[in-house]
Each structure stands twice: as structure tokens, then as C-alpha cells.
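The listed protein sequences correspond, in order, to chains A and B.
All residue numbers for the first sequence refer to the numbering used here, where the first residue is 1 and numbers rise by one.
All residue numbers for the second sequence refer to the numbering used here, where the first residue is 1001 and numbers rise by one.
Hint data in this document are derived by calculation from the structure and do not stem from the laboratory.
Remember, it's a predicted structure, so these values are computed and weren't measured experimentally.
Where a beta carbon is used, it is the ideal one built from N, C-alpha and C, also for glycine.
Take the hints with a grain of salt, since some may be wrong.
Unchecked claim - One side only, chain A facing chain B, incomplete, derived with CB under 7 angstroms:
1) L42
2) G45
3) V87
4) R90
5) A91
6) G126
7) A130
8) E133
9) R134
10) P200
11) K476
What the hints assert, rightly or not - Partner residues are not named here, just some residues of chain B that face chain A (Cβ under 8 angstroms, in silico):
12) C1081
13) N1084
14) W1091
15) E1094
16) A1117
17) R1118
18) V1135
19) E1137
20) Q1140
21) P1141
22) D1142
23) G1146
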Amino acid sequence: MSDASVSEALRSNANRVVVEAPAGTGKTFQAASYARHAAIELCKGQKVLILAHTHAACGVFSSRTADLGRRLEIGTIDSLVATIAKVYHRALNLPADIPAWSIERGADCYPELARRVRLLLDRSPGVAGAMVERHPVVICDEHQDASADQHGIVEALARAGARMRFFGDPMQAIFTVGREREAQLRRWQELIAASDSNEPLDTAHRWAVGSPELGAWVLEQRERLRAGDVVDLRGGFPRGLQVFRADNRAPRYGGFQLDADVRRPINAFVRNSPNHLVLTPHNATVLGLNAFFGWRIPIWEGHTRDALSNLLSTCRRSAGDPVALGKAMCIFLEVVGKGFSATAYGNRLIQELETKCVKPSRGKPAEIQSIAHLILQEPNHVGVGAAINRVHHLMRTSQHFGDIRIDLSQEFAEARQIQMDPEISTVLARQAHKRGTRHTEMPPRVISTIHKSKGLETVNAIVLPCDANTLANNEKNRCLLYVAMSRACESLALVVPQVNPSPLFLV
Amino acid sequence: MAAKIKRLHILRYRGIRELTWRPSSGLNLLLGGGNVGKTTLLEAIGLLLNPTTSYTLADSDYFGRRVEDEFLIEAVMALPCEVNRQPGMAWPWEWNGQDAILAGVEALDDSAAPGAARPSVYKIRVRGTADLELVYEIVQPDDNVGAFSAGLRREIGLVRLLGDDRNDRDLRLIQGSNLDRLINDRGLRARLGHELAADSVDRHLDAEPRARLQLLDEQFVARRLPTQLGLAFTGSAGQSINALIGLTADKEGVVLPLATWGAGTRRLAALAIGDSLQDGHPITLIDELERGLEPYRQRQLIQRIAAGQGQTFVTTHSASVLSAAMGASVWYVDTEGQVGELPTDKISRHLARDPEAFLARLSIVAEGATEVGFLREQLDHALPGWRDLGVHVTDGGGNDDALALLEALSLGGVKFGGFVDNENRHAGRWRAVKERVRQLVFQWGEGNMEQNIIPMFPAGQIRALIEDPAEEKTGLRMRTLADRLETAETTFDALTARARERLGAGADQWTHPLIPWIIDAASGKVPDALQDAPPAQRNPFKGHASAWFKSIEGGHELARKVRASDVWDQHLGELLRPFLEAVVQTQAEPAPIAHRENGE
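Pulled out of the complex, with its shape left as it was, chain A reads as follows (with noise of 0.2 angstroms):
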């Protein structure tokens, strides 16, 4: 009864009320039908906020109130910061352009940002006076990732006058540790003392059509988890649980390898389901599973793109310096990908940018010539676009460049279209526009870390490796598992070696 009772309270008078939404249980359906509820009593202009955490989120509500137009907006609370930021640059000490300010600062800028638009809604009031005449309503998603800056920006529309809707779940915290992490939750303490209303969410939706049981066992896990016990994995499986057990065998970190025999049950599943996602920790596992898949499933990369953007910043900063710039396209193709390395290309590469292509040569340093002269010649974001997409030429038609391996291959996709424009603020600006509304439709199979799965849903998911090195016992890993556990609504996976379980799991 659940769902009755957070509807009833959602439509209350209320100033705070404050939802508490494990995965799948509904949010994003009850958001919404009480957007669209509070949207037919707002003023002509009016507007309902929603305020997400991610971009994905931000397509999810948009896509399930398509109806209501423009009685609602949805955005993400980094780019309301960076809007209120753009309008009061020079309140706040900014430069008139700051997406182009951000990106050059990489994604660490954000907290800043946040810090400053913060301390100006505190100052000045009337700018949040101004937003909730336009936006009465405020509904914020994934509120316990907030920062204490975010939390006290959407606290200064409370203070406004602002109807407050707050959606979370303090179980899927995953994004902080230490210090910050409880800061964090105890301020979805707080927000819940200070509320008016405080309703769970506590039914299985996203299970309904595949597993309810399975449902069922990862809400109860979930509280398991909560209260700091472990999850039980000796018996009494619900329909749509599996366990493996099989030791990895690589000697690398990051690395995956298993037994031929342990293995097959693994290719089985994971062959077998159309509609699938293969979750694990950390981003090093993600290319040690790439390759143990054979490069045959497609990396999960997310909304954002960090290489891009550091290359971009660089581009900006060292436009005229051909060395600097190679360094930079040398750091790009090692994280988007295998086998571009110093040794074998990085180093002969700047040593050219350096000597300025005089040496003749032949062969493989020719070709790395090439790259060069191509920088050289326009030593700004242009040469490096161009350079990145020669070296996707040569992958395709020089045998010397044919180890070479692309594994984020959108941002890299991405990378060689920069040369398009001769301008790097219109390259940065359209980077920063992509940013926002990538709505990239999602491979059916992907490997994604357990981080960048959070707000996805997928029928099949397989968890690993669940060692103890991966997952140690601690708040911040129950969350992760718990986060990885409630992907999928027909069947999940988890591999646990038998050495060296992780001590969240009874086995």
C-alpha cells in the first residue's frame, strides 16, 4: 500500500515531503504523475522543476511526461548551477563563458561552481524568489548524491517559498566515501527530521513482468545490507538468481581469466540473454572483461567523456605548442584504447613533433611522421583531429598500427570529429551541448562499472568478480552491490570465486 500512501502524501499540502525509493520500487512513475498533477494548478508561466543528478535521469523523466510540454522542466542540478552561474558571472567571479570555463577545468569545476551559485542564493534572495515564481514545484531526484553545496541551493527554494518533493535512497550513496560520504547521509538524516511528510516506496515494480521473487529477495537484501549484515548465498535461491563460482585466474590487476570449466556456465548465460549487462566495480575490470568477452560486447561509457574533455582543455591551452599537444593525444589514445603506446608509437611520435619531421624515414616511422606533420602543421585542436583520425586510417590500412585497439570507442568517435570546426570555443561549446543531451540509445549488451549502471534497467545482469579484493565490507561496497543486485528484472548473475569471496556474501 505503499504507492497509495507516497501518492496521498506527494499531493498534500505539504511544504517538504520526503520519499524514500529503493531501485525499481516506482520513482520516476510516481514523480511524474505528481508532476503532472501539480502542473494543472500552477499559474499560466508556471513551471514544475525537476531536478536530476544525471543526464540519463533527465531523459528518463522527460521521456514519461512528454505530455505535459511546457508546464514542466527537467534539468540537472549541475547545469541549473551553471546557468545561475553563466547569468551571475560577475557576482561570482567568472568568466562570461563558462561552460568553455569548464571544460578547461575538467570536471572538478563543478563543486566550485556549486560552492559559489550557493553562497549567492544565500546572499541574495531574490534570485531564488525569482525561480520559484516560476517554478512553484520542485522535485528533486537521487537526492541523497547531493552535495552540501547542491543541498543548499535547492534548500534556498525551500526557503523561497518552493513546494519541495525530495526522491532518494541513502542505499544507493555510491558516489562519496570517507568524510563526505557521511556528511552526505547525515544530511538525508536531517532531511528526513526536517520534512513534513516521510513515505518508502516498497513495491517490486521493475520485477512485475520478470522475476517478483527475485524482486522480492532484493528489496529484502537491501535491508540486510542497510543494517550492515551480509547477503546469504547458501540456499533458497528466488526464481531468476544464480550463482557461479569460479577463481580468476589472471595474474594482472584488472585482468579476467577463468577455467575452461567453470567458464562455459558463465558464456551460457551471458550468450544466451539478448538483453544484458555485465556489471562489475571498477573501471580497470571493465577492459579485463572486454577482452575476456573477446571484444565481442561493447563498453558502457556513459554520458560523459573525461578524455575528451582533458584533451580539449589541452588543445585550448597549448594551442601553438605541437609537443604539448601530442602529449595529449598520446594520453587520450591510451585511455580510450590498447597498444598505443609510448614505446611503440608516443615516444617516436613527439620526438618528431620535436625535430620537426626533419628525418627521412620509411615504414612504420613514416607513418608516425605522417601523424606528426598533421599536428605540425596546424598546432591547435584542428592538427589533432586530424592526427587522431589518421591514426584510425592506419589502423584500418597499415599492418603497423593493426594492434592497436579501440575500447571507448564513441569518445574516440568523438575525438576525430573536433577537427570539424576551426573554432575550439564552437568545438567546446557543441561538447558541452552533447553533454547535456546525449540520449545515446544503449547497446542491448554492454559492460558497464556497477557506477555507470546506476538508473539503468536491463532484463539479464551477471555481477564480477565478487572477490574480497573487489568488494571489501564496508558501507560505501554494500551500496555498490546492492546498486549492481537490482539491475536486472528477470535474472542475475553473480561470480564468486572460492578463494577469496568477498565477505559481503554468506557462502
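Using the hints provided, position chain B relative to the given structure of chain A.
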């Protein structure tokens, strides 16, 4: 929140080269001579908040007709909440009492306490471009601009009573007019269009014109054009059926458009419509409020406006309006097109007593009634017809009040002069006032007018000085001198002998021994011996003054005697000449904004 203009900035609009003004949030009364730009100021506000898009610019809207320089009308305003409900977000600035600013986040940390909440304001403007187009913009805090839409301008709600009253837009159902907002029937236009289109005009035609239409139809057939011609009401671009609809009322059994009533009634009707808008504290612009209204209706109207909530801008030349406008902020538009405030606390008493002082082209503040009469007489000689030239002599009501009034006028920028005593007080303040208008303030070197002028009379004319031309006060004047000389005899000779006796050796410094007693009596001086006596003993001496020159008529009398004797030629003419010449000189100054298409 009601819309209020906090700061107005005009650049190169019509006759105004540049102007910055911070009006008050209630009733603003704009005074000033003709042709100084009061109406332009109102029209600038009207254009900025124009609720429709129909306005055609002319090159005369640009300062000096220099269209290529563009013009700008910008306001910092408090706006109704609709400003935040437009398609594009409008972000607020903060009002610091002077201008729109951004929150001070100099020290970007938590150490500083949150600032006191300043009111949110928005910066809006209209530009006249070099292509004779109007561009309405909201200026965001990052100086980017968004649209200041006609829809939002309509929400502000402007009531305009400008120019001549051929323009009765507010009594018509024109889109954006207050009548339209009040009636608020969105579907009316479509329904009417439907209705009128169905009604064919040709059936009202006489036979012969109908035949001509028939002939045309046949021609159409011959040329294979559409046929079956008729005549009916058809809309066309820019022509709204609603514009043909006006408010009507019953006049002795006949339904007449309200537009045919008298000017005053039409204006009152338009204001009533503005007032009855629901959410309405509209911004109201009234040019020459007195137009078409009897003084009692002027007073009623201005009092109702002053009691209202909205911000109102009124120009007036009416003393009735001015004296009834309690609580208004009074502004003076000077010949440079600048707006100065007349501090209400300093002028309110005078405003009630002699409002014309604030409406004249040149106001001369005289010390008291005597000086008023004296000066008027002198002006008759120096500047014949001075009253019709816009010169006004007003009673300052004593030295301190005159000074306060002169200071207020100098703040507001009113053109003024003064004719005052010197009581040896407030030297610095007097200097400041004189610095502003130089020769236009005349102050005696020491003491009052009687002290300065009476000793100038030669001995042979003292008898004439004492004589009242109306023959009423002569005896009374002798009596006052006898009281002061402590004698019962009141003949001129007896009083002279008594005075000479009292003066003794000191008599030589006067042309006639009676002079010091005439001065004391005319000034109402209490004898030194009675300074500490009870009022009953002192007051009779004060009253002596009214027997002499202490009235406007007395001032005239003194002035005539000065002219009739050789006092003027011998002494006084030279002393007063720079002052009178300065007054005459003000008439030679050109009217400020000579080049005006839409002149007043």
C-alpha cells in the same frame, strides 16, 4: 508585486539628450516651464511600457533627428511576478537605493553574514534603432538581453492620459487597452469576425450602385476572374474589428460613445477603467491633469490618485492640483531637461499657500509682504508686463522660511531669485544659494529694507514719506512716532523738535531727526527699555509696523515714494540695478528645447 519604476534613464529621446531620474513609488508631480520635456518624460515611460506593438517611430523621436545615433529608454523596475513566468527566464538584480546591482559576493566564503534582503528589480529597456525600429529588451545580470514582450508589458498595466484627447484608446477595445483587459473576452474578435463576415453590405446598396457592382461582375466573368461579387465586412492586416468598438453610455435617452463626452469626463472614465482592473496597481501617466476639469474636480482627482497604491506620473500647471497634492513627490524639470526633487518637507507649507511659485518661469522669493509689494512696483518699471512673462513674486514668510524655500528651489532646479533681509545668520547657507543664481538673489548689506531705504530720504521729503496717500494712516503714523518719542503732541513739527532734542549731538548722522523713529516704527521694533517687559506692553510697539509699510500695499507705497523722490536716482537705483537687470536677463534666455516636433 506592483510595477514601480525605480530608476529611469533616457538617452537621446526626442528633446532629451540624457536624463537619469529616480522617481518615488507613489505620486510624482512634475512641474516646470513650457517646453522643458515634461511631456517627453511621460511619453518615454509610455513608450517603454507600451502594451501594444503598434507604434511607428519618426525621425523626430531621435534627439536632433540623428536617427543613426539611436535612442534608449531604460528603467530599473520592480515588476509583477509575471516577469518570471515568461517563456524566457528573467533574472533579478538587486536595488541598492540608487541603481540595479549584483549581490556583493566579493568574499566568496561563509564568513560574511547574509546580506539584508534587497528588493529584486529588473532592468528593462526599449531602443529605437537606426532602422526606425523599436526593440524591447530585458537586460539580464550578465548583460545578455531577453525579450521584454508585449504580453509582459500588458501585465504591468499602463494607464495613459497623454497629449490631446483625440486619442481615446483606453475607451476602446483595442488590444492591450485597459478596457480590453477589463472585458477580457478572448474569443470576441473571432466571433465578431464571423458575424460581420456573414452580413453582406451589398443588400443595403441603392439600385444604381448595385447595377455598377453587377457590371463589374460581368467584367470579371469576361476575364475569367472569380465571380458572384458582393460587398461585406472583411478584416485586413493591422485592422482590428475591436478597434471599432468603443465604450458607450446613455445621454438623455441616446446611446453615445463615451468618446464624445467632454475631455475631463473622458479622462476620468479612462482612469476609472484602469482603477477597476482586478490586480491593478497600474502605472499611470497623466499629462496636464487639470485639462478639462474644474478646480474642484482637479482637487478630487489628485487626492484620489495620491491615496492610491500605484505609481503615478502627473504633469500640471494648475495651482489647485499642486495645493491639493498631499504626500506627493514634487519634481521640477529644468531647462536643461534634468529632473530635480523639491523636498516636500521644506516646501509643503509654501505649496499650500502659494503654489504658483512652483509653476512660474522665474519665482522671486521676497522676505515678506512689504518686499512683495515693493518688488512688484519695481518690476513694473524694470520689466513691464512681468507677470505675463512668467515672473512670480512670492512671500517667503520671513527670513528663515525664505532661506529654506530658496534652498529647496535650488535643489529642485527651479529658476528662482530672492529679495531678502540680512539678519547676519546662516552666512554659509546664504552663500550657497547665491552661488547658484548669483545676481538673482538680492540681500541687503545689513538689516531690513526699512533700515536701508528710509535713511535715503532727504529732509525735505520726510513729511511726504509719512503721509499716507489714502489719507487713512497718516494720523496713526504720527501717533506711533509720538508713542516712541513719549510725547502727547502729534504734529510733524512738534515730533521733529522732540526727536532732535532726544538725539542731541547724534542728530547729525541723519538727514532728518525723525528718521530713526520712523525706521523703528515701520519695523515694529520694541524699544530697548521694554525688551524684558510683559507682552502686553511690548505688543503695541510691534503693531506699529502695520500702520506703516508692512503689507503688500505698504510695499507698493514705499516703492512709489522711492521713485517719486530722488531716492531712486541718488542711491537705490544703483544698488538694485544688478538684481533687476538679472531678472530682465532671464527673459532673454532662449526657450530650452526649441526644436520640437511634438511640442507642448
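Verification of the supplied hints:
no. : hint  : verdict
1   : L42   : violated, 9 angstroms
2   : G45   : holds, 3 angstroms
3   : V87   : holds, 5 angstroms
4   : R90   : holds, 6 angstroms
5   : A91   : holds, 4 angstroms
6   : G126  : holds, 3 angstroms
7   : A130  : holds, 5 angstroms
8   : E133  : holds, 4 angstroms
9   : R134  : holds, 4 angstroms
10  : P200  : violated, 34 angstroms
11  : K476  : violated, 28 angstroms
12  : C1081 : holds, 5 angstroms
13  : N1084 : holds, 4 angstroms
14  : W1091 : holds, 5 angstroms
15  : E1094 : holds, 6 angstroms
16  : A1117 : holds, 5 angstroms
17  : R1118 : holds, 7 angstroms
18  : V1135 : violated, 20 angstroms
19  : E1137 : violated, 15 angstroms
20  : Q1140 : holds, 6 angstroms
21  : P1141 : holds, 5 angstroms
22  : D1142 : holds, 5 angstroms
23  : G1146 : violated, 10 angstroms
When the structure is compared with the earlier hints, violations turn up for hints 1, 10, 11, 18, 19 and 23 and for no others.
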